[in-house]
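Visitor: Now for the letters of each chain:
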Amino acid sequence: MADKSVEQLSVLVDGECEDWEVEFILRRLARDPVLKEHWECYHLISDAMKNNLPALVDANFTGQIRQAIDAESVPQVPAVAKPASLYKPVVGFSVAASVALIVGLLALKPSESPISPNQLVQTNNLPNPPMTSSQDTGPALESRLNNYLVNHNEYASMNSVHGVLPYVRMVGYEPKR
Amino acid sequence: MTLHLAVLTLALWQVEVSLAELQGDAKEWLERMIQATQTLNYEGTFVYVQGQHLEAMHIIHKGGMDGEQQRMFSLSGSPREVVVADNQVICLLPKQKKSLGNSGYQRSPFPISLPQELDELEQNYRFKMFGKDRVAGMKTQVIAIQPRDNLRFGYKLWLEQETAMVLRSAILNESGHALEQLMFTDWQVKPEVDQDLVSPPDIKTPMPSPASGENGQLEEQEPDWLFRELPQGFKQVMYNRFTGASDKHLTEHIVLTDGLATVSVFLETLAGSPPLLKGAAQMGAMNAYGKVINKHQALVVGEVPQATVEKIASALQPAQEVSTP
Numbered sequence: 020m021a022d023k024s025v026e027q028l029s030v031l032v033d034g035e036c037e038d039w040e041v042e043f044i045l046r047r048l049a050r051d052p053v054l055k056e057h058w059e060c061y062h063l064i065s066d067a068m069k070n071n072l073p074a075l076v077d078a079n080f081t082g083q084i085r086q087a088i089d090a091e092s093v094p095q096v097p098a099v100a101k102p103a104s105l106y107k108p109v110v111g112f113s114v115a116a117s118v119a120l121i122v123g124l125l126a127l128k129p130s131e132s133p134i135s136p137n138q139l140v141q142t143n144n145l146p147n148p149p150m151t152s153s154q155d156t157g158p159a160l161e162s163r164l165n166n167y168l169v170n171h172n173e174y175a176s177m178n179s180v181h182g183v184l185p186y187v188r189m190v191g192y193e194p195k196r
Numbered sequence: 040m041t042l043h044l045a046v047l048t049l050a051l052w053q054v055e056v057s058l059a060e061l062q063g064d065a066k067e068w069l070e071r072m073i074q075a076t077q078t079l080n081y082e083g084t085f086v087y088v089q090g091q092h093l094e095a096m097h098i099i100h101k102g103g104m105d106g107e108q109q110r111m112f113s114l115s116g117s118p119r120e121v122v123v124a125d126n127q128v129i130c131l132l133p134k135q136k137k138s139l140g141n142s143g144y145q146r147s148p149f150p151i152s153l154p155q156e157l158d159e160l161e162q163n164y165r166f167k168m169f170g171k172d173r174v175a176g177m178k179t180q181v182i183a184i185q186p187r188d189n190l191r192f193g194y195k196l197w198l199e200q201e202t203a204m205v206l207r208s209a210i211l212n213e214s215g216h217a218l219e220q221l222m223f224t225d226w227q228v229k230p231e232v233d234q235d236l237v238s239p240p241d242i243k244t245p246m247p248s249p250a251s252g253e254n255g256q257l258e259e260q261e262p263d264w265l266f267r268e269l270p271q272g273f274k275q276v277m278y279n280r281f282t283g284a285s286d287k288h289l290t291e292h293i294v295l296t297d298g299l300a301t302v303s304v305f306l307e308t309l310a311g312s313p314p315l316l317k318g319a320a321q322m323g324a325m326n327a328y329g330k331v332i333n334k335h336q337a338l339v340v341g342e343v344p345q346a347t348v349e350k351i352a353s354a355l356q357p358a359q360e361v362s363t364p
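Chain order of the listed sequences is A and B.
If you want my numbering, it's the position in the first sequence, counting the first as 1, plus 19.
If you want my numbering, it's the position in the second sequence, counting the first as 1, plus 39.
Everything labelled a hint here was simulated from the structure, so no lab data went into it.
Among the hints, erroneous ones may be present.
[Said to hold, decoys possible] Derived lysine to aspartate or glutamate pairs resembling DMTMM-like cross-links, with alpha carbons at most 20 Å apart:
1. B:Lys-330 with B:Glu-349
2. A:Lys-55 with B:Asp-235
3. A:Lys-55 with B:Asp-233
4. B:Lys-167 with B:Glu-201
5. B:Lys-229 with A:Glu-26
Given these sequences and hints, build the entire structure.
Guide: And the structure:
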């Protein structure tokens, strides 16, 4: 797993990272000190190869900047009580993944009667269970179906015997690659 | 002759006693397991199998009295992540995402957390010790939860010898075939878990709230629907009505459970639009059945056999029909 992260980091330094990967790598980078060291190393190598280095390189340059920032006094902001609504349980979910979820649901076992001519029925008769895009399946309808499955799995996740299975069902079905 | 009968009676009695002991042991293991899943700090990697579908994921879990915190992310395919923290469940998925969200459900412990609920479960399931096995290089005790009828699925759980944590689980249909399986390939108890590893992400864009009313409040009322007869052991544990933030569609959500299996019934007015689902659909252990009733789409979804969702769908009727003679 660590190797994979380092590999992704290297791709990011080279500017060859897919858009959707960037935020995941940055989030991991923010909380992984080993990965941060790799990040600094890669940039040092890159600068050396491009002949962008000064005559003297201070290996602890970033550390000193960090210390300087820590030493700075932070302006005091009066604490504001958060409105109660912020503490409400929130579930975020992707249409893309949940589209795949409902298509899987429908594709594996065709319904007794067609759903509707221009909605999800196209997926039922194809030989290989497909991952359809939202354009041909009616995004509004799908979004309602998706909500149902997310709501159901969230409720199911409260039962300890099921462990992490309901969470896996929320993200375990990939959108089209 | 009398002696033979006495010996036979004694032998039968001993078999009964040892069966009861085994069942009792299995319940103790399950109680320990529930404790372990809620209180342990751990980190591990698992695989999830459903039909032809195979996924690898990594999980970091922080237990404790203040509530569980957990982050899991995919190791295969596109990056996906689920964070459970501060009574929130947040799913992060690749770029083409548009967030849907806010179910508004309070994440209170499910009734199964209490040992006496395990006693009630015995009306519909048998608990059995199923020998020993090894998972992720660790010794495990296998426990089977077998349904007493065909209206629910069975479960097999591999519990780590020392902690009783579930290292492998399978949902089985009536012929014993695994519909869904999850197995850790690496698992470690952690003395402490760094808070940063399980903190919820800072999501800047506010998410829509399909589970809340116009003022962000959940609308709680009496259901407009009733069930003529529910499948054996199932009872209603929750009713909720909510409006989708994007489409303002009023949806009613009824949750039924037999203490282990969960079934959701969703109802929304069709208002001239085509139905979302008519008939049966399936994915892994999840079965769904849709029908149109009184100009409403009814959708029944749950980790139960097809016959059970179908029975629940056909038992559903408007409350008015019952109250009016």
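Visitor: Could you grab the alpha-carbon distance between B:Lys-229 and A:Glu-26 and see if it respects the 20 Å cut-off?
Guide: violated, 27 Å
Visitor: Take a quick look at whether A:Lys-55 and B:Asp-233 sit within 20 Å of each other, Cα to Cα.
Guide: The hint holds at about 17 Å.
Visitor: Holds or violated: B:Lys-167 with B:Glu-201, Cα cutoff 20 Å?
Guide: Since the Cα atoms of B:Lys-167 and B:Glu-201 sit roughly 19 Å apart, the hinted pair holds (cutoff 20 Å).
Visitor: Between the alpha carbons of B:Lys-330 and B:Glu-349, is the straight-line distance 20 Å or under?
Guide: Holds. B:Lys-330 to B:Glu-349 sits at ~9 Å (cutoff 20 Å).
Visitor: Are the Cα positions of A:Lys-55 and B:Asp-235 separated by 20 Å at most?
Guide: Holds, at about 15 Å.
Taken one by one, the earlier hints fail for this structure only at number 5.
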